[in-house]
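Undergrad: Modelling step: build the complete structure from the supplied sequences, incorporating the hints.
All residue numbers for the sequence shown refer to the UniProt record's numbering, where the first residue is 1 and numbers rise by one.
Here are the simulated lysine to aspartate or glutamate pairs, EDC-like style, with alpha carbons at most 16 angstroms apart: (1) K57 with E89; (2) K933 with E853; (3) K843 with E853; (4) K857 with D934; (5) K516 with E429; (6) K117 with D149; (7) K896 with D803; (8) K718 with E872; (9) K847 with E89; (10) K156 with D130; (11) K335 with D375; (12) K896 with E844; (13) K88 with E122.
In short, the hints are calculated from the structure, not lab data.
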Amino acid sequence: MIARGKNASDLFPAVVKNVACKNIEVKKLVYVYLVRYAEEQQDLALLSISTFQRGLKDPNQLIRASALRVLSSIRVTIIVPIMMLAIKEAASDMSPYVRKTAAHAIPKLHSLDPEQKDQLIEVIEKLLADKTTLVAGSVVMAFEEVCPDRIDLIHKNYRKLCNLLIDVEEWGQVVIINMLTRYARTQFLNPNINEEEDKKAEPATLAKRKPYVMDPDHRLLLRNTKPLLQSRNAAVVMAVAQLYFHLAPKAEVGIIAKALVRLMRSHSEVQYVVLQNVATMSIKRRGMFEPYLKSFYIRSTDPTQIKVLKLEVLTNLANETNISTILREFQTYIKSMDKDFVAASIQAIGRCATNIGEVRDTCLNGLVQLLSNRDELVVAESVVVIKKLLQMQPEQHSDIIKHMAKLIDNIQVPMARASILWLIGEYCEHVPKIAPDVLRKMAKSFTNEEDIVKLQIINLAAKLYLTNSKQSKLLTQYVLNLAKYDQNYDIRDRARFIRQLIVPTDKSGALSKYAKKLFLALKPAPVLESPFKDRDHFQLGSLSHLLNAKAAGYQELPNWPESAPDPSVRNVEVKDSVCAERTVLTGPEGAGVLLLQTTRGSSNMQDLPKKLLISLFHRMSHVLLHHSHSEQSSSAEDRKRGRKAVKNQKSASESESESESSESEEESEEESEEESESDTNVRKKRVRLDWNRIPAYYFMNTLHYIQYTTLAPSGSIKMYELLHRIKGEGLAVEYCFSRQPFSPEPNMVAVQIQFTNNTNSETKNLHIEDPRLQSGMRIREFAEIGLQPSESVTVVMGIDFCDSTQAANFQLCTHTRKFFVSIQPPVGELMTPAFLTENDFKKEQGKLMGMNEILEKLTLGEKCVNEHVIVERVTATANLSRVPCGSDKECRFAGKTVSSGCLVLVTVTTKEGGGAQLTVNCEKMLIGTMLVKDILQALSQ
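TA: Listed below in structure tokens is the structure:
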């Protein structure tokens, strides 16, 4: 019923009872209904307030969001504290969808109780720091509604918003772009300031002036919004266009023209808004749209308002080079059946004649020819435009004035008749014989004329009385007597005023002496300007610009600052990131130990401090000794040793930190002492260290950063063919994803490429050219190499796939040939291992529920008989690390996407009968879906 527009408010009591229903689908529908009618039935909605509060704790994110939405729709001040508490909790929710709903609720609460503004600003500040694209647009909208003047909240989040902009949903992009436009106008210098000063400054001043250097943050905004000109949403394109118009250097503004012209193929409503803005832009940036002149030609199917706006743009674009083309186009438009459009076309011709002196006579002659048109409206509009043109050079066009005087009997449009009478009266000295006769005819029909015509008849009579009183004295008195008793008080007042001014009597004042100077003074020629000339002080794309009046809620576009504000306010303090590095220490039986070294930047064994390595070996020795003795002791003694081991670990870590700060000479002495003591202890105990018998949980429980694992054989890395030796004329190229960090840029995937020269000649200048990449992708090329006959060389290059499986296409070039090749990554190679504890895994998994979680049931393949095979297949499919787990039936893996660092969590839960359940948690749902597909295929074989 609601979807069909019917009123369902009478059913409110019956529907609200179902709010406690346990069925999720029913509960969703109830919440949708309540959002619609909660404001109308506030008393009944208040009865269910406790149910809404319980809904805020529901495991389902959609229910939590719907409960908050209903709660914020109840416009009763008594529940303001409850709403505030709910918004604060939702702002910290694990689900970005719920946080987005919290941002939507903020303006509602602010309008209900403005006194809560300070607390709401704290919530806005917290949500502005959110890194999720789903939340960004909504919180900026709340910022604009509640505290648009608090620019200090944007400083720390400015760069993040610029970088997130490309991934935010479309309407959020519009809000963010408009906000950033105003922000940039307060924080950066005018990029066109030098051009504006050039017009005013003297040469000596220009020589001393410093060149303008654009702020990097200003450039960041322009660079990150440019791709959005290709958006499918017209509002986004318009928002970017206004940003470039208001913020970009003059040389860069031109790129928006093509995008705006593309929007003119949209619906008429979109065309209307776009053309309004183009009309304003074309006044100051005429050259920007000149290449697209034909795009503004008018079609017969265009609505009248679109036609008029296109005429406005064509008139603004007219110059000496294209005026002949535009005038030919205007002549065609005059034949249209649309009268309003014809009138606008004639006015456009008049404006072109005013602005371009070379075609003034041509336009005037063309308009005079229109005076013989059968259409009265065309003639009337032509008369009005001719009147304005004749004011510029009246003495040269007395013939035209005479011709127009003869048309006074045929033209019935009041404005046109008034224009002819004004022309004859103003230039009566040029037509001394015709003017009195026209006054005679007008005096006869005075009582039947419109008010605007009557006023011009009185003016004509007064001017003739002053210049040719012999022929027009009696006619003037007759007209003034008729006007004296007219129904319109304006005409009566005008008649009395003029009689006292031009007809001298004893009671006449001093003004009568200056009657001629008053009536026959030279009038300035009218300036025909575009109605869009001064609209650019409104922000383009806004409702205020469309209406040419300040609308409610409009925020003024700030002026550029005189001097650049401090750019350091946008610097964000980045905490030193702690990354986990992998170092392998192999044991005697071929097994390995994976050490997680907490370092900053060291990437191999040589970078590790020698003291730390020795300390780690000794700790492992203690673990092995404890394990050996535990097999021969009771469980109580084992628990005691466990507690002692923990104490030993703490003391060892403390002594390690102290020893690391000592000088190198002391370290070497201590190392040798520890080594000898360790060897002695081992000999005394006579325990054989059997690495294969040590379970993995001993390493995790005793040393939280040591994990036991088996090394994957080096041959397991899959090689892909990039160029076959036949197609490459003897040059064979293979590549693989080495799964090693790409040291020059950590956000890139390392691709190892092997070149083999199968020819008898040398291959020179082997390099990459012409990379053809999707938007956002980058490539780090390898240095140019050469190959001797039968030689093989391996190089490493980096590719930023932007968390996408789109192929990177490029040319592989030698000194003689070019080969088109492409590298397409499997989704599992877009990741890098992330090392988490069991608690951290559960905590992060809890944050990635709902839409970020994918569950699939599967049947394990015949070869997946044990945990080792499952781990091997999952890690072969995706570059993930194993996460410790207390359950034998679960295997957990964790990783991060290389480009954006989004967490990827994988859980494989085995069940009886060969069944299993695969769970993937990832913020990027597309990557999660593709990863599920690949892992399912690997485990099912």
